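K.L.:
Could you build all of it, start to finish, from the sequences and the hints given here?
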Amino acid sequence: MADDREYDGFQNGSSRGSTPRAQSRYAPTPPREPEGPAPTEEESRILDRDWYGGDEFGGHTFGDDTHNPFGSYESTWETQRQESAQHEKMSIRFDARREQRQRENDAWETNRMLQSGVAQRRDVAADFDDDETTRVHLLVHDLRPPFLDGRTIFTKQLEPIPAVKDPQSHMAVFSRKGSKVVKEARQQRERQRQAKEATSMTGTTLGNIMGAKDEDGDSALPVPAEDDIEHTERKGNKFSEHMKKSDGASNFSQSKTLREQREYLPAFAVREDLLRVIRENQVVICVGETGSGKTTQLTQFLHEDGYGSTGMIGCTQPRRVAAMSVAKRVAEEMEVKLGSTVGYAIRFEDCTSKETVIKYMTDGVLLRESLNEPDLDRYSCVIMDEAHERALNTDILMGLFKKILQRRRDLKLIVTSATMNSKRFSDFFGGAPEFIIPGRTFPVDVMFHRSPVEDYVDQAVHQVLSIHSPWAQATFWFS
1 MADDREYDGF QNGSSRGSTP RAQSRYAPTP PREPEGPAPT EEESRILDRD
51 WYGGDEFGGH TFGDDTHNPF GSYESTWETQ RQESAQHEKM SIRFDARREQ
101 RQRENDAWET NRMLQSGVAQ RRDVAADFDD DETTRVHLLV HDLRPPFLDG
151 RTIFTKQLEP IPAVKDPQSH MAVFSRKGSK VVKEARQQRE RQRQAKEATS
201 MTGTTLGNIM GAKDEDGDSA LPVPAEDDIE HTERKGNKFS EHMKKSDGAS
251 NFSQSKTLRE QREYLPAFAV REDLLRVIRE NQVVICVGET GSGKTTQLTQ
301 FLHEDGYGST GMIGCTQPRR VAAMSVAKRV AEEMEVKLGS TVGYAIRFED
351 CTSKETVIKY MTDGVLLRES LNEPDLDRYS CVIMDEAHER ALNTDILMGL
401 FKKILQRRRD LKLIVTSATM NSKRFSDFFG GAPEFIIPGR TFPVDVMFHR
451 SPVEDYVDQA VHQVLSIHSP WAQATFWFS
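Position 428 (the sequence shown) corresponds to 428 in UniProt numbering; numbering is contiguous.
Incorrect hints may appear among the rest.
[Unchecked claim] The list that follows gives simulated cross-link-like pairs (lysine to aspartate or glutamate, EDC-like), each with its CA atoms no further than 16 Å apart:
| no. | residue 1 | residue 2 |
| --- | --- | --- |
| 1 | K180 | D427 |
| 2 | K183 | D455 |
| 3 | K183 | E454 |
| 4 | K403 | E355 |
| 5 | K177 | D410 |
| 6 | K354 | E332 |
| 7 | K337 | E355 |
| 8 | K177 | D350 |
| 9 | K354 | D375 |
| 10 | K180 | D458 |
| 11 | K402 | D427 |
| 12 | K183 | D458 |
| 13 | K256 | D350 |
| 14 | K402 | D375 |
| 15 | K180 | E369 |
| 16 | K423 | E389 |
| 17 | K423 | E434 |
| 18 | K256 | E332 |
| 19 | K403 | E434 |
| 20 | K177 | D455 |
[To be verified] Pair ranges (Cβ atoms, derived):
| no. | residue 1 | residue 2 | range |
| --- | --- | --- | --- |
| 21 | D445 | K177 | 27 to 33 Å |
| 22 | R347 | L148 | 35 to 41 Å |
| 23 | A185 | E355 | 40 to 46 Å |
| 24 | L371 | R440 | 38 to 44 Å |
| 25 | S309 | G439 | 28 to 34 Å |
No lab work stands behind these hints: they were computed from the structure.
This one's a predicted model, so the numbers in the text were calculated from it and none came from an experiment.
Ideal Cβ placement from N, Cα and C applies to all residues, glycine included.
P.N.:
The structure is reproduced here in structure tokens:
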């Protein structure tokens, strides 16, 4: 009975036939049916005999295409390779044909454009090897002195050195406080102005009925005008109208005429020598001390020598106030009205006319005129006064005049400078001659106060009065 159970278990495919198998929770997989027609019994018998026979005689060997399941793939791959080579050959032939057609089309279009004149043929160098061989490599070294590169500290004091050694000293304290006299005068002037504005009837209803108008103040600035009369009022509001004739304050100016005052200046003593140097040279560097008469007398010398008949005589000044005051002084010496023969031009104001021969102006005005007239054809002679101050506009004009003088041989340029920079200007204009106007020296006594004073303005006035009373001479006060 046991043998029967073992045999039954073996037949069921299990070595433990007596042990029941657990029921699977998944559904049983149905058996797959073979695809295609079912082999016949004869074909199955031949296949089995061939397979088992191969095992008995040493198994299947390499190259045996009879039992090779991939034998047919080799012929298929060879066929695909031949087809791919054929397709690639045809593609190359097609691309060559299309490229030839494109070249012919481009050649025809180029020929049409050349024949019509729309385009021009140019030879372009396609060889770039020459450019590479002539390339130059530059090595730039950023050289800095040791005391500026920051790597080395040459001092042990890192804080800046104060200008005042003792901030708590009497002189430092008095300087910070300022002058009490000046402060009181400023406050009193401010109170008077406020009181005048508070009691003024200008702009009120009663003032308009009574016809009250603004009184002319001390300022010479033009009052803003309305749009309809802006041009008329701007033309009338000029600094020249507010300039009063200066009366002599000293005994010298009151006792001598303007001509005698001119002859007393150091520049008048060398008048003929200066004019001779100007006639012989196109550029002259005039060197003179302050007060020698360079600014006021040079223009009059040139006008009296006939340079004003061929054009204007221009004189540049670094400041507007200097241009106005010098023009006013020269007009008084020549006994003409300011704005006629002698005039000035500053920013926002032009006090000249068609009769103007001597024109004082700022260097910025002359620079602006050079934009409209590159050669400055209206001028026969130009004086650049105070050139040693080296303003930006003055330096630009120096470079412009160096080119203008090459085009205009009839133009005269006179550069006035201090003694310290005269050699530089002479070298800049190719070794131009220097003419020195001798100055006058006077004895100077320097007296210092024994102790610091609390109000330096008040003490200076007392000192001037004490010096002026015994000798009754002119006194200059420098603070």
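K.L.:
Each hint needs a verdict: does it hold in this structure or not?
P.N.:
Going through the hints against the structure:
1. Proposed proximity of K180 and D427 is contradicted: the alpha carbons are some 51 Å apart, above 16 Å.
2. Taken as a hint, the K183 and D455 pair is honoured in the structure, with Cα atoms around 11 Å apart against an allowance of 16 Å.
3. With a CA separation close to 13 Å, the supplied pair K183 and E454 stays within the 16 Å bound.
4. Simply put, K403 and E355 have alpha-carbon atoms about 29 Å apart, too far for the 16 Å limit, and the pair is violated.
5. Only pairs whose Cα atoms come within 16 Å are accepted, and K177 paired with D410 is rejected, the gap being roughly 59 Å.
6. The straight-line distance between the Cα atoms of K354 and E332 is roughly 19 Å, outside the 16 Å bound, and the hint therefore fails.
7. Taken as a hint, the K337 and E355 pair is honoured in the structure, with Cα atoms around 11 Å apart against an allowance of 16 Å.
8. Restraint check for K177 and D350: not satisfied, since their Cα atoms lie roughly 43 Å apart, outside the 16 Å limit.
9. Of the supplied pair hints, the one linking K354 and D375 is violated, its CA atoms being roughly 20 Å apart against a limit of 16 Å.
10. Of the supplied pair hints, the one linking K180 and D458 holds, its CA atoms being roughly 8 Å apart against a limit of 16 Å.
11. Simply put, K402 and D427 have alpha-carbon atoms about 12 Å apart, close enough for the 16 Å limit, and the pair holds.
12. For the suggested pair K183 and D458, the alpha carbons sit about 12 Å apart, so the restraint of at most 16 Å is met.
13. Distance check on the hinted pair: K256 and D350 sit about 32 Å apart at the alpha-carbon level, beyond 16 Å; violated.
14. For the hint linking K402 to D375, the alpha-carbon distance of about 11 Å falls within 16 Å, and the restraint holds.
15. Simply put, K180 and E369 have alpha-carbon atoms about 48 Å apart, too far for the 16 Å limit, and the pair is violated.
16. Distance restraint check for K423 and E389: the Cα-Cα separation of roughly 14 Å lies within the 16 Å cut-off, and the hinted pair is therefore satisfied.
17. Taking the CA atoms of K423 and E434, the gap is near 8 Å; set against the 16 Å cutoff, the hint holds.
18. Straight-line distance between C-alpha atoms of K256 and E332 comes to about 14 Å, which keeps the hinted pair within the 16 Å bound.
19. Simply put, K403 and E434 have alpha-carbon atoms about 21 Å apart, too far for the 16 Å limit, and the pair is violated.
20. In summary, the hint linking K177 to D455 is supported, as the alpha carbons are separated by about 9 Å, within the 16 Å threshold.
21. Checked against the hint of 27 to 33 Å, the C-beta distance between D445 and K177 comes to roughly 29 Å, which is consistent with it.
22. Between R347 and L148 the beta carbons are some 39 Å apart, a value that agrees with the proposed interval 35 to 41 Å.
23. At roughly 44 Å, the beta-carbon separation of A185 and E355 lies within the given 40 to 46 Å, and the hint holds.
24. The supplied range of 38 to 44 Å is met by L371 and R440, whose beta-carbon atoms lie about 42 Å from each other.
25. Restraint check, S309 to G439: a C-beta distance of roughly 32 Å satisfies the suggested window 28 to 34 Å.
In this structure, the hints that do not hold are numbers 1, 4, 5, 6, 8, 9, 13, 15 and 19, in rising order.
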